[in-house]
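Number of protein chains: 2
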Amino acid sequence: MSEKLSEKEQGRQRTEIVTLGEFGLIEHLTRDFEPSHASTLRGVGDDAAVIGSPEGEVQLVSTDLLLEGVDFDLTYFPPKHLGYKAVTVGVSDILAMNGRPSQVMVSLGVSSKIPVEMLVEVYEGIRLACRELGVDLVGGDTKASVTGLVINVTAVGHAPRERVVYRDGARLNDLICITGNLGAAYMGLQLLQREKRALTGAPQSLRPEFEGYEYLLQRYLRPAARLDVVDMLAGEQIVPTSMIDLSDGLASDLLQNCKASRCGARIYLDRIPIARQTSAFAEEIHADPVVAALNGGEDHELLFTVPLEMRDTVARLGGIDIIGHITSPETGAFLVTPDGTEVQLQAQGFTA
Amino acid sequence: MSEKLSEKEQGRQRTEIVTLGEFGLIEHLTRDFEPSHASTLRGVGDDAAVIGSPEGEVQLVSTDLLLEGVDFDLTYFPPKHLGYKAVTVGVSDILAMNGRPSQVMVSLGVSSKIPVEMLVEVYEGIRLACRELGVDLVGGDTKASVTGLVINVTAVGHAPRERVVYRDGARLNDLICITGNLGAAYMGLQLLQREKRALTGAPQSLRPEFEGYEYLLQRYLRPAARLDVVDMLAGEQIVPTSMIDLSDGLASDLLQNCKASRCGARIYLDRIPIARQTSAFAEEIHADPVVAALNGGEDHELLFTVPLEMRDTVARLGGIDIIGHITSPETGAFLVTPDGTEVQLQAQGFTA
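Top to bottom, those sequences are chains A and B.
When we follow my numbering, the leftmost residue of the first sequence carries the number 1048, and every step to the right adds one.
When we follow my numbering, the leftmost residue of the second sequence carries the number 1048, and every step to the right adds one.
In isolation and in its complexed conformation, chain A is listed as follows:
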């Protein structure tokens, strides 16, 4: 390296991260990396990396970083749920490649203020998720942190090479399908934050009020990884043309898929699946549940596309909604309201 150690930043250009946004930043940083290994079937830019072994079965590897104060707030996130959710988040990336998860590694950065009992609870949640999803915990790193709790999950999975689904395979007229319902996790977070504010400084005997909204809490604190969807697709011999984990919100994730597939999209507002509790709580706090579905994120449902001729097959499946279709790239990506108005979809990346 030619750079002197004593060289300081002073006088250099300084670009704020917000000017690029999350996706722009990743693209900017990783643009010059060209894979050199034949086994690297897919690198940066999808839910997981695809690493090929000769006989047709490929390995899928993904990594996710969860940071206290950004991804979770320990004042209302029970440690057990946190461990559970960390595994879910990691495994969801493997599912989004149409793969089966098999192993996870969990690394923790822990400050001395965290007692061992709390970490034991985190691991109870990890154990529960591992058991439910049939994955093995195979390692990790545990070390001191001078700041908050840091969790990194690496998930490993596998799939027959011909069944791996990327983000870039959506084609004109493909149907856009969604599993489960959207916006519930975001509303769960809103509920927790509201109760945190209400109880700040209140006597300890006061308890937060979650009655009637237990589903929202569950969706935020203990989301399910949709292994059942991968099973169902396999059972019906459906290989989607593209798929993505809904972690950043429908708008942002659909745009990622469209960008990778070089296509446009039309989705219909009245077809977006929203749970009853999501609508009820949105009404209570004077919010729009569709905005929660579009921009809320953390639903960890799957968005996938299938060819138009599979409409009947997909419609027969339970728990899948067809919310729109793929269009040509020059038409852009829009949400169509019931009166026919088209609203352009906007990505909501991070704005650190």
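Treat the hints with care, as some may be off.
All copies of an identical chain are treated as equivalent in the list; a pair is satisfied when it fits inside any one copy or across any two copies.
Lysine to any residue pairs mimicking SDA-like chemistry, simulated, CA-CA at most 25 angstroms apart [stated by the list, open to error]:
#1 Lys1160 to Ala1191
#2 Lys1160 to Leu1121
#3 Lys1160 to Thr1066
#4 Lys1306 to Val1390
Quick caveat, the hints were computed from the structure, so don't treat them as lab data.
Assemble chain B onto chain A, guided by the hints.
Then chain B, alone, in the frame of chain A:
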């Protein structure tokens, strides 16, 4: 989960992490995890997980978390070196299994105070290390952090199943071998910390004084991953009986190996390889270079064991020192000084 969300920690037992130490903590947390997949050949407890594919080639996966303020100090760690070192640290775990690294994934948690230019430099270092080590960057996660810079590296590698080397294969009378030299990285860190203290509040025109100690800085800031050693072992058709990455210091890492292999060890003080600059700087700051070698860590050299009858073969190899031998478990693990005194080896885990 039966646990109520509103349940608070109050009244529960509270055990400080320091009472268990790093290794005790990991053991305590992961003791109930039993692998269920046939492909999980090795889980928690070695440098990397070993994931088997049917035809004899196995995948190796490891993950490492690097935290600002614990693992690096940005006031003296050039961002490019940091990116380089992150890859080295990850890849070293694959090498310690006698595997060949092929892919890495790097996740970053970045606060808004970090300019894009700094991240570009981190990625320049990542690129350089990837090129030198012949690995592909295949993904990662980039997100906002409200605290310091967080880096997680997941490394993927592979090896023929019969060539994978674990920590638990050391046998009675095996020779204990060390690549390179020890303690230099720790002394590099001491030097950087001394100059940081000296320059705190000093005029900007003042520059730190590193003359004559460039090697120590390089070993701390830009350590080499010993891919050459894995090549050399393959070339000589040597498969060590056990191997470990020297990241925590010779004492701690040898004890890990002894514990996994259920054996004792004797290492000889006068055979521990120490570089000239390490001794010189130790003398300058009135420190013992052997203590740096035993407890300093971050050397990222390899410790391995081979059967006694390979003494001549190993002695012929360049850059390998035989520093002792494996003994029966009940004799413990000791450092033998030139006058024959035996000093018990102590693990230096973290004390968060």
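(request) Return the numbers of the hints above that this structure violates; sort them in rising order. (result) Per hint list: zero violations.
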